[in-house]
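Using the hints, position chain B against chain A.
Chains as they are written, first to last, in UniProt numbering: chain A, 1 to 345; chain B, 1 to 285.
Note that these hints are calculated values from the structure, not bench results.
Cβ atoms here follow ideal geometry from the backbone N, Cα and C, with glycine treated the same way.
Please note that a few of the clues may not be correct.
For each label pair, taking beta carbons as the anchor points, the in silico distance ranges come out as [what the hints assert, rightly or not]:
#: 1; chain 1: A; residue 1: G15; chain 2: B; residue 2: R122; range: 23 to 29 angstroms
#: 2; chain 1: A; residue 1: L172; chain 2: B; residue 2: E43; range: 36 to 42 angstroms
#: 3; chain 1: B; residue 1: W200; chain 2: A; residue 2: G185; range: 53 to 59 angstroms
#: 4; chain 1: A; residue 1: G15; chain 2: B; residue 2: R278; range: 41 to 47 angstroms
#: 5; chain 1: A; residue 1: G15; chain 2: B; residue 2: L275; range: 22 to 28 angstroms
Below are the SDA-like pairs computed for lysine to any residue, each with C-alpha atoms no more than 20 angstroms apart in a straight line [as the list claims (entries may be wrong)]:
#: 6; chain 1: B; residue 1: K32; chain 2: A; residue 2: Y91
#: 7; chain 1: A; residue 1: K70; chain 2: A; residue 2: D26
#: 8; chain 1: A; residue 1: K134; chain 2: B; residue 2: G110
#: 9; chain 1: A; residue 1: K134; chain 2: B; residue 2: T108
#: 10; chain 1: A; residue 1: K74; chain 2: B; residue 2: K109
#: 11; chain 1: A; residue 1: K134; chain 2: B; residue 2: K32
#: 12; chain 1: A; residue 1: K74; chain 2: B; residue 2: A21
#: 13; chain 1: A; residue 1: K74; chain 2: B; residue 2: G19
#: 14; chain 1: B; residue 1: K109; chain 2: A; residue 2: G139
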Amino acid sequence: MAPAIQAENLVKTFGDVRALDGVSLDVPEGTVLGLLGPNGAGKTTTVRVLTTLLRPDSGSAVVAGVDVLKHPNKVRSLIGLSGQYAAVDEYLTGRENLQMVGELYQMSVRDAKARALELLEWFNLTEAADRTAKTYSGGMRRRLDLAAALVVRPPVMFLDEPTTGLDPRNRLALWEVIETLVEQGTTLLLTTQYLEEADRLAHDIAVVDHGKVIARGTADQLKAQIGGERVEVVVHRRDQVSEALAALAPYAKGDPAVEKNTRRITVPVSGGAKVLADVIRELDTRSIEIDDIGLRRPTLDDVFLSLTGHATTAEDAENGGGAGGGTDAGRPGRDKQAVAAGKDA
Amino acid sequence: MTTVTEHAIGGAVPKQRHGVAATMHDSWVVAKRNLRRMTRIPEIVVFGLMQPVMFVLLFSFVMGGAIQIPGAEASSDTYTQFLMAGIFAQTVTFAVAGASAGIAEDMTKGLVDRFRSLPMARSAVLVGRTLADLVQTAFTLLVLALVAFGVGWRIHEGFLKALGAFGLLLLLGYAFSWIGALIGLSVRSPEAATSAGLIWLFPLTFISNAFVPISSMPGWLQPIAYWNPFSATVQACRDLFGNQVGPVDDVWPMQHATLVSVVWSLIIMAVFSWLSVRKYRSAVG
Chain A
1 MAPAIQAENL
11 VKTFGDVRAL
21 DGVSLDVPEG
31 TVLGLLGPNG
41 AGKTTTVRVL
51 TTLLRPDSGS
61 AVVAGVDVLK
71 HPNKVRSLIG
81 LSGQYAAVDE
91 YLTGRENLQM
101 VGELYQMSVR
111 DAKARALELL
121 EWFNLTEAAD
131 RTAKTYSGGM
141 RRRLDLAAAL
151 VVRPPVMFLD
161 EPTTGLDPRN
171 RLALWEVIET
181 LVEQGTTLLL
191 TTQYLEEADR
201 LAHDIAVVDH
211 GKVIARGTAD
221 QLKAQIGGER
231 VEVVVHRRDQ
241 VSEALAALAP
251 YAKGDPAVEK
261 NTRRITVPVS
271 GGAKVLADVI
281 RELDTRSIEI
291 DDIGLRRPTL
301 DDVFLSLTGH
311 ATTAEDAENG
321 GGAGGGTDAG
331 RPGRDKQAVA
341 AGKDA
Chain B
1 MTTVTEHAIG
11 GAVPKQRHGV
21 AATMHDSWVV
31 AKRNLRRMTR
41 IPEIVVFGLM
51 QPVMFVLLFS
61 FVMGGAIQIP
71 GAEASSDTYT
81 QFLMAGIFAQ
91 TVTFAVAGAS
101 AGIAEDMTKG
111 LVDRFRSLPM
121 ARSAVLVGRT
131 LADLVQTAFT
141 LLVLALVAFG
151 VGWRIHEGFL
161 KALGAFGLLL
171 LLGYAFSWIG
181 ALIGLSVRSP
191 EAATSAGLIW
201 LFPLTFISNA
211 FVPISSMPGW
221 LQPIAYWNPF
231 SATVQACRDL
241 FGNQVGPVDD
251 VWPMQHATLV
261 SVVWSLIIMA
271 VFSWLSVRKY
281 RSAVG
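Okay, chain A solo, but in the shape it has when bound (with noise of 0.2 angstroms):
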């Protein structure tokens, strides 16, 4: 199938900085690319681009069919932008924000009017279609921003960091919205820091540091690449460790490892949640007491270390020059998230 985003050594420098040093990469219709990358990797610099914000000093951009640089008017009338920061106005209501956007899309008053009505009742905000965005929380201001994007059923879509700074619920909530589009041919670019994210919603993976695509492929062919995920017990008793390492065995996918100091066993494991909620049951049979438990997925520090050798903690210049005041809440830590992995869920 054509690609339906389509970009060619995009180089674009600010002053010393290459923000982008040859970024190429192609989005086959209908499919869902995530653009996995740190602060400053030139995630935002990439969907300026394409979304004709910003003109690359070199390279080539083509969207939907239409090529960026030359028609950059027309590309404009085939996609949606959500960014970092909800772009809507605050003193405007939610249905005033929409109307506005659809109107700016050429649409009737009438036809810009039925069509904000229908979004606001999608994403949930009928109830709070009159009042001012001002007075919405972050989640409501991140959904009128992705329904605003939505306004004329856009064929290619860019969503810049949909989620970061929201809480586990709303981003959920964002992630279902951004399945059914998906669900329903929408081609789709997404930035995110979250391998957890990618990991759900894109078909593929590529992995942005420096102004480069470092590396690319699904999931599961990058996970396979940087070790899978682990379950981390911390036993009570030292003499229990060995039977908790009997315990564990039938779900290791590798080999343990035991501190035996801090009573602590790793083992890779496959399948997630329900291998921890296993883990768990198998313990209490034994009557193991276990001071902690959790499940260690691979995350985006640990992308970064064994593609590139260096952590997460780069630079932050892509954020610092433009619009002001980007979220940078919750990169997911190292360690355990996933003792509450049934918090998220």
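Below, chain B without anything else, positioned relative to chain A:
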């Protein structure tokens, strides 16, 4: 969140507008947005009113008795007649601050990215802003005229000419709001834009015929004051309101004040709208 499946891709194809029609349509949509914002933040309108109203009261009651207008006795009432055109003109130029702060604010928010990613006319964000400011300025002028009437200001040349004077004032205000747009695009912080928008207006409006007769200024300053675009509009308004006290100064720009006022406004508008739109296109990088 409810899942509604009929939101399928490939809905109504939006109609395509081109050229001037597209620009006008989009500018109007943006202007509507800015006018709505004004009703949501009435403080802006209220404070925009307080300053000129305060000037009317302070100047006419405090300073009026002390300022001698050639060809008339120094009196508070004479001065009020003289003063009002100046206050009106100063008020419309102060719209600069609103435009510069508003645009600077838009530029720092993500909203401008939304606008720039939409298939809309590039200049509409700026045109919409200046149009909304024009509406606000008209409202301020109306209230100010009522206050002025309260303190004894009168028109003597008929309603139509007075309307013409207000037309000149709005034209000047609209031209100046483009200067504000350029400042807002250049400064990029709403706070800085407010001060940067106001600071140069003080010399501009004071080195003019607005508050004192130019003939009372030092000789080297007089040509500057006479050719000040601001002075031309003030003089034209005095003529059209019938507020001229004594003879009009015998210099060309004062004798042809209406013409000079219109030409200045058009020049300012053309230059600064061109610069602003150019700056806007390249601004967000």
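Check your understanding: Which numbered conditions among the earlier hints are violated in the structure presented, ordered from lowest to highest?
Key -> 4, 10
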